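Asks: Sequence:
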Amino acid sequence: MIDLRKLRENKDYQSGIVRKGVDASIIEELLSLEESCRALQLEVEQLRSEQNAASKEIGMAAPEERKEKIELAAQLKIDLQEKEEEYREATEAVDTIAITIPNPADSRCPSGGEENYKVIEVVGGQILPPPMNHSEYGDFMGWVEKEKAAENMGSRFAYLTGEAVLLEFALVQYTLSKLVSYGFTPVVTPVLVREQMMVDAGFFPTDRHQVYELAEDDLFLTGTSEVALAGLHRGDLLDMTQLPVRLGGFSSCFRREAGTYGKDTNGIFRVHQFDKVEMFSFCDPLTSWEELETLRSIEQEILNELELPHRVIMVAAGDLGAPAAMKYDCEVWLPSEGQYRELTSCSNYLDYSARRMKTRVRGEEGNQLVHTLNGTACAVGRTLVFLMEHHQQNDGSFKVPEALQPFLGYDVILPPTKEI
RNA sequence: GGAGAGGUGGCCGAGUCUGGUUGAAGGCGCUUCCCUGCUAAGGAAGUAACGGGGUAAACCCUCGUUCGAGGGUUCGAAUCCCUCCCUCUCCGCCA
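If you read the first sequence in the working numbering, its first letter stands for residue 1, the second for the next number, and so on.
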């Protein structure tokens, strides 16, 4: 949720929203609704104050005076109820719009859409494609089974088999131990959440169409453990000494991938279900930008140790999700496609999600909302895609990156020997 | 799934039957001060959040809201009624 007070007092705040693609007229409308709402609030509160006072008198009054006083209070109540109804409608009108307004983009974000990103850093080269692309190599190694998956589950599903599974768990182990060394608490999160949790984490109403819903039970399958991680401190008042609260969530992630028909149909680059280790931070509002840099550096450290050439881009304002004020994408070079593709990302939500969740920190001058940030530590399936292209050898074997070797047990995986 | 008990401030815990001066006793914790070689112990005071308005501004004034959530009854609800959520105990089922 945006800060309505800031919205009316701060022009930059407004323009940050416009840069996200919201029509300025909507903001104008919201502001005028909000103003009349406050005027009504004042009236309601004055009436209620009178009514409260009248009621209080009754309690103290002598029995013979009561009848008269009750009649007076009853009339006040009728007036109050009328005004309250007006006020209720006004707040509803404000809320309906306010909940859809995205967090303003930070002024440092480039303007524009998907194409207007700014390259922050490039690490490693743009190497030539290996003999097999990730999809072919997955078949070759017997690591990915998509045909049966298509029959049983539909498109965009896959079975992961053989050493790929061992690689998956090595990746998870490796990532989690790295996060622990940075002070993250590992968390295995539930993947089903209530609607309100989706709203509070900043995903609803904007991204509702991307989420699987279990209508019978009013639950939603999360597309990232971030949702449940955020909920770990919903409604809490934290101590400054606790911050940052760093959580490393592991969970399967479910995404409908609506509107991506025909896109990335090869292999397991884009599937409905994958496992992910996610970083989440509840942070002191004063240091959240530093925290964002920390998340980014951890992501890059992981990419470097997995020996994946990549670049970091700052996502343009118009391409940011609703809750993010700024976002870095780490894009890894995908040799078979000859382009950089997103593998991880991290963003600073500032107080957008915290406001909905009412997660606060006790401060010297009153309590304030915390800032929340999140970043991908390891999106396992997609990481495998890049590993399969970058570490496949000419003889078909797979060279295990050194960082993973302790967690896997060997340094090379040989192709399966053909059965006759 | 069946039967019962319960959700009160940072925490614990009264109040609910018998609705009114209870934003809520008491305790713990915390803050400030006093006392004391130091510490501990002891004494005094203070200590909810959120929202609106006032103000140049405010830790200042004022109003409102909040006793799991949302409705209802009433002049007035922590207290009565309804719905939902959650926790605990017993039974059943179960990886």
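Among these hints, one or two may not hold up.
[Claimed, not checked] So the derived label-pair ranges between C-beta atoms look like this:
#	residue 1	residue 2	range
1	305	218	39 to 45 Å
2	28	53	35 to 41 Å
3	218	53	31 to 37 Å
4	218	93	23 to 29 Å
5	93	6	49 to 55 Å
6	45	173	30 to 36 Å
[Stated by the list, open to error] Calculated pairs, EDC-like style, for lysine to aspartate or glutamate (alpha carbon to alpha carbon, straight line, at most 16 Å):
#	residue 1	residue 2
7	399	45
8	56	43
9	83	50
10	6	163
11	6	45
12	83	114
13	399	163
14	178	305
Worth flagging that the hints you see were computed from the coordinates, not collected in a lab. Quick caveat, the model's predicted, so the values are computed rather than measured. Cβ atoms here follow ideal geometry from the backbone N, Cα and C, with glycine treated the same way.
Asks: State the violated hints by number, sorted upward, taking the hints as numbered earlier in the document.
Replies: Failing hints, ascending: 3, 5, 6, 7, 8, 10, 11, 12.
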